[in-house]
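Peer 1: Chain residues, written in single-letter form:
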Amino acid sequence: MINDEYCLVVEAGKTEKNYWKDLWKYRELFYFLAWRDILVRYKQTIVGIAWSVLRPLLTMLVFTIVFGKLAKLPSNGVPYAIFVYSAMMPWQFFSNALSEGSSSLIGNANLISKVYFPRIIIPASTVIVALVDFLISFILFLLILLWYNYAPALSIIAIPFFLLLSFFTSMGFSLWLCALNVEYRDFRYIVPFIVQFGLYISPVGFGSEIVPEKWRLLYSLNPMVGVIDGFRWSISGNSCPLNPLNFFVSIAVTFIILISGIWYFRKTEKTFADFI
Amino acid sequence: MSLIIKVENLSKKYVIGHKAKERYKTLRDTLAASFKNFFVGKRKVNNPEFEDFWALKDIDYEINEGDRVGIIGRNGAGKSTLLKILSRITEPTTGKITFKGRVASLLEVGTGFHPELTGRENIFLNGAILGMPKNDIQKKFDEIVEFSEVEKFLDTPVKRYSSGMYVRLAFAVAAHMEPEILIVDEVLAVGDAAFQKKCLGKMKGVSESGRTVLFVSHNMGAIEQLCNRGILLDKGLMVLSSDTNAVLSKYREFINRSQVTETSGIGNESTRRGTGELRITSFQLLTKDNEPANEFDLGSTIRFKIGYKAIEELKGLAVAIFFKSNSTNEMISSLRHEVISMTLAPGNTGEVIIEFDGQTLRPGEYPLYIHISEKSYYSNKFDLLDGYVAPLVIRRTGNNFYNNYVMTGNYGYFSMNSSVISVE
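The listed protein sequences derive, respectively, from chains Y and B.
Going by our numbering, the first residue of the first sequence is number 1, and it counts up by one from there.
Going by our numbering, the first residue of the second sequence is number 1001, and it counts up by one from there.
Keep in mind that a hint or two might mislead.
Unchecked claim - Some but not every residue of chain B turned toward chain Y, in silico, with C-beta under 7 Å:
1) Arg1088
2) Thr1090
3) Glu1091
4) Thr1093
5) Gly1095
6) Lys1096
7) Lys1100
8) Leu1107
9) Thr1111
10) Glu1116
Unchecked claim - Some chain B residues flagged as far from chain Y (calculated, every beta-carbon gap over 12 Å):
11) Lys1025
12) Phe1113
13) Glu1121
What the hints assert, rightly or not - Taking CB as the label site, the calculated pair distances span:
14) B:Asn1290 - Y:Arg188: 55 to 63 Å
15) B:Ile1353 - Y:Glu11: 47 to 55 Å
16) Y:Ile256 - B:Arg1028: 21 to 29 Å
17) Y:Lys69 - B:Ser1034: 36 to 44 Å
Just so you know, these hints were derived from the structure itself, not from any lab.
For every residue, glycine included, the Cβ atom is placed at its ideal position computed from N, Cα and C.
Using the sequences and the accompanying hints, generate a full structural model.
Peer 2: If you want it as structure tokens, here you go:
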């Protein structure tokens, strides 16, 4: 009955060699947790779905009025509502993933203190839930395009790539924050601040062109700038051109945060059960 | 017999805070502390608020394939920590464990059950959490449903289940796992009597099928029935590892002579908490003839002897003893007496004996929570032992295993005086 395939060595202070293999073995749990979160979110609440439709729609409305009509900021000839909404989609995805992801470990404390599984599954599955919200708001976006009779550029086929990029950005931040949240409980107060603050320093209500040229590179250190510019470019094509250097800087920052997030998470995950 | 688990030099250290408010670390406090340390140069090692606590120390053990190992010890001995490390929930501080088989652990029934989801959905979710592949769950689905006796409510959210149904469903999923190594923590103490019997039968089946089982329980009867090997832990050390009977008799001897002293258990928040103005210096259970004992026959008189010491001046003394439930750890009954009404000077010591007639208490094990304080209800000067001393054991006369296992022949902890007044 003994099967050498299952031979496993746990040694103090050493990271496991088969971490990623283990993660693959637990992929079913990942599906199930994501499925549970989605099910619970949309179960018996019509508000759940309505909310993910209403929120981006209302924000779009407010931003269009404030930035487009009152402040008369440029939108490069794209209808302001579409201009805002194309930035709103990745931003909502990021902010949802971040707020849910950063508290995900604490919210699943009972699982963490009672069963083993690669802990990274938990924040990853909550980011998937944010993805479902994204898909709903994307469908809404298609309706808005119809309403404005606006034909998106051919580059719209690049959307999955930029979505992946925003997934990596959200994941990187979530990993840092949820791991820190386990040890330092006051991090949960920081998250709403990041989300709120981030909305103003990211080009959601306005285009990144209004930032003076000499500051643009510095501005691109905010990884969401790259993601949002990417979304705008893929929807409106040459009306919202993508600066390759700035974009590259944003991508680099995203990967630094993601990789360091994975590193920090793995470093601390074995003792989560002691703190939680 | 081939080796299936090898534990070498295993230790686990926790850093514990003595102040109750230090429940969670906050970034603000940590930053403030490191600023202070930077400027004042104070080292954390000297900080009396924090202390190293070794929950396990230098455990070496080998388990052969097919062994059913019972892990016993008093509260705070390190049993749960050992299980958590073996289940890979937490990391050891030192040491190495080698497994040669799939491990599944069951530290709680119904882990991850979500109240909004239906019974059917929860079976799949819980199965996945326990590490069962989806195909296995699908294959065993009917068996699980049948075992749990909830087929009528499969599509009802579990928040509408009775607690009995909930537990039955949860255990049913767990009982159908088929790992090579199964780690179980006292999960059997749930559900009604008939279902407990069924669970125990299932557990016996599992162990007879040649799988390796590690089982933690306070229930000596269950260990005796299920296990062929035993490990006795105390204060994080392995005291004895041998066959079940030898370990059980050592344990009984051990708890009978283990003494409470003024300082025992201090530093372990879960078993001893106090404010420091007074201390419990000894505790003993006595029979009616003042003979020390831990196990009592049904209906016999029980005496509690408690020693105290005043560290500071106290306004009188009150003693309270709470009985807890062995399965849920909630308090089920208590007694309290204001024993001294005059002022106690610092350094005063003494002993109090309280008698309980024991007539109403049903057979079972009752962890004890012993609390001494100033006389007034409103005083916040106290010392307490929470499950530190061996539990009070009420024996059933006769030796039927199932009757001993199931906490009561009738339900509940106490018998009730009742009579029929009229029948029409």
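Peer 1: Evaluate each hint against the coordinates.
Peer 2: Hints versus structure:
1. Arg1088: holds, 4 Å
2. Thr1090: holds, 4 Å
3. Glu1091: Constraint on glutamate 1091 of chain B satisfied, holds at 4 Å.
4. Thr1093: For threonine 1093 of chain B, the interface hint holds, since the closest Cβ of chain Y sits about 6 Å away, which is under 7 Å.
5. Gly1095: With Cβ-Cβ at 6 Å, under 7 Å, it holds.
6. Lys1096: holds, 5 Å
7. Lys1100: holds, 5 Å
8. Leu1107: holds, 5 Å
9. Thr1111: This interface hint holds because 4 Å falls under the 7 Å limit.
10. Glu1116: Result: holds, 5 Å to nearest chain Y Cβ.
11. Lys1025: Per Cβ check, lysine 1025 of chain B is inside 12 Å of chain Y; nearest 6 Å; violated.
12. Phe1113: Violated, since 9 Å does not exceed 12 Å.
13. Glu1121: The claim breaks: glutamate 1121 of chain B does not keep its Cβ more than 12 Å from every Cβ of chain Y (closest is about 7 Å).
14. B:Asn1290 - Y:Arg188: 55 to 63 Å: holds, 56 Å
15. B:Ile1353 - Y:Glu11: 47 to 55 Å: Given a distance of about 52 Å, which is inside 47 to 55 Å, the answer is holds.
16. Y:Ile256 - B:Arg1028: 21 to 29 Å: Roughly 27 Å apart at Cβ, these two residues keep to the hinted range, so it holds.
17. Y:Lys69 - B:Ser1034: 36 to 44 Å: violated, 50 Å
Consistency with the previously given hints fails for numbers 11, 12, 13, 17, ordered from lowest to highest.
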